[in-house]
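Engineer: Protein chains in written order, with UniProt numbering: chain A, 1 to 342; chain B, 1 to 342.
Check before you lean on any hint, since a few could be wrong.
Given that identical chains are not distinguished, each listed pair holds provided it fits within a single copy or across any two copies.
What the hints assert, rightly or not - The calculated SDA-like cross-link candidates involving lysine to any residue, where the alpha carbons are at most 20 Å apart (straight line), are: (1) 130 with 232; (2) 277 with 256; (3) 130 with 245; (4) 231 with 312; (5) 277 with 260; (6) 48 with 132.
Since the hints were derived computationally from the structure, they do not count as laboratory data.
Protein chains: 2
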Amino acid sequence: MSSQDVQRPVCIIGLGLIGGSLLRDLAAARHSVYGYNHSTSGARTAIKQGYDVTDDLPAILHRAEEDNALIVVAVPMDAVASVLDSIQEHAPSCGLTDVVSVKTEVRQLIVERNMEARYVGGHPMAGTSKSGWENSHTGLFNRAAWVITYDYAAECEARGERIPAEWENIFADVVRMTQMVHAEAVPVRVANHDAAVARISHLPHVLAETLAVVGDNGGILAQSLAAGSFKDGTRVAGTRPDLVRQMCETNAPALVQALDEALELLQDARESLASDKPSIAALADAGFRARTRIEARSGARKESVSPVKISSRPVLRLHPGAPNWVAQLRQTESLGGRIEIF
Amino acid sequence: MSSQDVQRPVCIIGLGLIGGSLLRDLAAARHSVYGYNHSTSGARTAIKQGYDVTDDLPAILHRAEEDNALIVVAVPMDAVASVLDSIQEHAPSCGLTDVVSVKTEVRQLIVERNMEARYVGGHPMAGTSKSGWENSHTGLFNRAAWVITYDYAAECEARGERIPAEWENIFADVVRMTQMVHAEAVPVRVANHDAAVARISHLPHVLAETLAVVGDNGGILAQSLAAGSFKDGTRVAGTRPDLVRQMCETNAPALVQALDEALELLQDARESLASDKPSIAALADAGFRARTRIEARSGARKESVSPVKISSRPVLRLHPGAPNWVAQLRQTESLGGRIEIF
Chain A
1 MSSQDVQRPV CIIGLGLIGG SLLRDLAAAR HSVYGYNHST SGARTAIKQG YDVTDDLPAI
61 LHRAEEDNAL IVVAVPMDAV ASVLDSIQEH APSCGLTDVV SVKTEVRQLI VERNMEARYV
121 GGHPMAGTSK SGWENSHTGL FNRAAWVITY DYAAECEARG ERIPAEWENI FADVVRMTQM
181 VHAEAVPVRV ANHDAAVARI SHLPHVLAET LAVVGDNGGI LAQSLAAGSF KDGTRVAGTR
241 PDLVRQMCET NAPALVQALD EALELLQDAR ESLASDKPSI AALADAGFRA RTRIEARSGA
301 RKESVSPVKI SSRPVLRLHP GAPNWVAQLR QTESLGGRIE IF
Chain B
1 MSSQDVQRPV CIIGLGLIGG SLLRDLAAAR HSVYGYNHST SGARTAIKQG YDVTDDLPAI
61 LHRAEEDNAL IVVAVPMDAV ASVLDSIQEH APSCGLTDVV SVKTEVRQLI VERNMEARYV
121 GGHPMAGTSK SGWENSHTGL FNRAAWVITY DYAAECEARG ERIPAEWENI FADVVRMTQM
181 VHAEAVPVRV ANHDAAVARI SHLPHVLAET LAVVGDNGGI LAQSLAAGSF KDGTRVAGTR
241 PDLVRQMCET NAPALVQALD EALELLQDAR ESLASDKPSI AALADAGFRA RTRIEARSGA
301 RKESVSPVKI SSRPVLRLHP GAPNWVAQLR QTESLGGRIE IF
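Next comes chain A alone, as it looks inside the complex:
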């Protein structure tokens, strides 16, 4: 185990697209990793493929407790509360993180159970319209942003309290785990995360579904003529509706605000198109400028000479517990930057 690796075994609860892909990546890196799948047949498939997997939740949590493993909660939102209850019962001293796409509600369940001192939230921005163990694969997180929350540290600091060393260790290990799967750890507080994903993840689902329905209303002729712009614009409408509901409904306040901004733009465009001199100049110009800015800033870019893609996110190397480190997290967050642990 190198000092860049997560310093304890990893126990993953829930082996869908995200949990399954994480298990595969960590196993491929020969890290000690084991998992639990709710479905017996799903667990059996993973076992046949050579993974250390079970469908016995109490047993795997006992094992995690004995190992002092890092627990990753990778179940859908509606199963998080009962998994947390099981963790309290069977693995009362393990550190834990999660990969749920909305953070306010998970954090509330954590606070209600007094688990804040051992919890660091997470969210890899690596979903696709596919789900389940059968779609999981190695490399899913390559170069993806992996949000890491640090509200507990910020609150300790605000209260003038010392951040417990064990929380700092868990934070460092969660960051190391994301590094092991080649993701980019982006520190973000819960409320800021939920506001951002409402715009860039949940609103896209709502608009894709709307476009799919309006296109479908055009009947078989419209479907026959649909080409690139329609297919790109509706792709995520192929996501299982229950997964979309869990994301959008648990982030309703932030999504309503993003939707209100969208509705205002669309209503203005509609009025302007319905006038005597139809125009969509304002929205077309603003949309083009926004898309150009986003393309320039986000994700990976290529250096002009080298064929290697490098991240366009600024990087901060930090040591949890060092003086001022929470202020450094805040600064990195404000830049959408990434952190590395040294």
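Chain A is fixed; fit chain B onto it per the hints.
Structural biologist: The following block gives chain B in isolation, referenced to the frame of chain A:
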């Protein structure tokens, strides 16, 4: 020249993405094809690449008239009227088609000039967010739907008049031209075309621009977290705003109707998300079903055994001028089907 080829030379006016790609494909098939580019430097680039291109519009139209060429109007909407005037002056007996993405306004310009008996409208569903000769390439139309309008024939029939044989010849040649570039000719009347593209081409642009602006409003953090769903959903917002304006503004009535359907769905989703029990069930379910239906019906599919993709559009082989052929076009249109000329 085989009987499957267009039976006359082709003269393309305007060498952007569509006109340029058509020129390249026909030249690659060794068909007699020449073109005009408004920009002298653009024309020079194409000439250097070995194409038969000029920046002298009257000269190329005289040549088309002498050759009895099929003229393809491939300029932006705002240049169509003046090109039609030039055609009337310099190539008064050539058949013509166009590739403009909205058909009502082009047809109106044709009717005003009494050019209906030699005009067959067209629209290849093959745009990308890129434009200009420099982005044109062979193979752009491979398997794309290429709409062919036939309102003139339908109106002759409704009036109990015989369709002129020369119009039927032009129609057949336009279909043959689309076959030569491996597109699929879909017969559609003007009003039905414009209503369909409002849903599946113009609304996607409006929604992509809206999403880009709302995402951008989230600042640098939201941009850093943007992943697949946002990038797919905003891709066509990278289209040049003047091109979006020409499409959307010339099709304003149909687009306003599609927008109103979208606004109603979004408003309902917004209310339902803002309620005490936030829900997006109705839209998530409807969008998923619509997307699944569209995916099943549109575009190419693979046979289970063969690696070759085949079209999922039903095909009708017809002979323009044969008894009942306009009724066959209507039937094919109602199925979103394609035609082949034999």
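Engineer: Please work out whether the CA atoms of residue 48 and residue 132 approach to 20 Å or closer within one copy, between two copies, in both situations, or in neither?
Structural biologist: within (16 Å within a copy, 54 Å between copies)
Engineer: Given a CA cutoff of 20 Å, do residue 130 and residue 245 count as a within-copy pair, a between-copy pair, both, or neither?
Structural biologist: Answer is within: at 15 Å inside a copy they meet the 20 Å cutoff, but 35 Å across does not.
Engineer: Reference check for the pair residue 277 and residue 256, CA-CA at most 20 Å: within, between, both, or neither?
Structural biologist: between (32 Å within a copy, 13 Å between copies)
Engineer: Reference check for the pair residue 130 and residue 232, CA-CA at most 20 Å: within, between, both, or neither?
Structural biologist: both (15 Å within a copy, 15 Å between copies)
Engineer: Within a copy, between copies, both or neither: which one fits residue 277 and residue 260 at a CA-CA cutoff of 20 Å?
Structural biologist: Classified as between: cross-chain Cα gap 18 Å, same-chain 26 Å, threshold 20 Å.
Engineer: If the cutoff is 20 Å on CA atoms, where do residue 231 and residue 312 land: within, between, both or neither? Let me know, please.
Structural biologist: This pair counts as between: shortest inter-copy Cα distance 16 Å, intra-copy 28 Å.
Violated hints are absent here; each numbered hint is respected by the structure.
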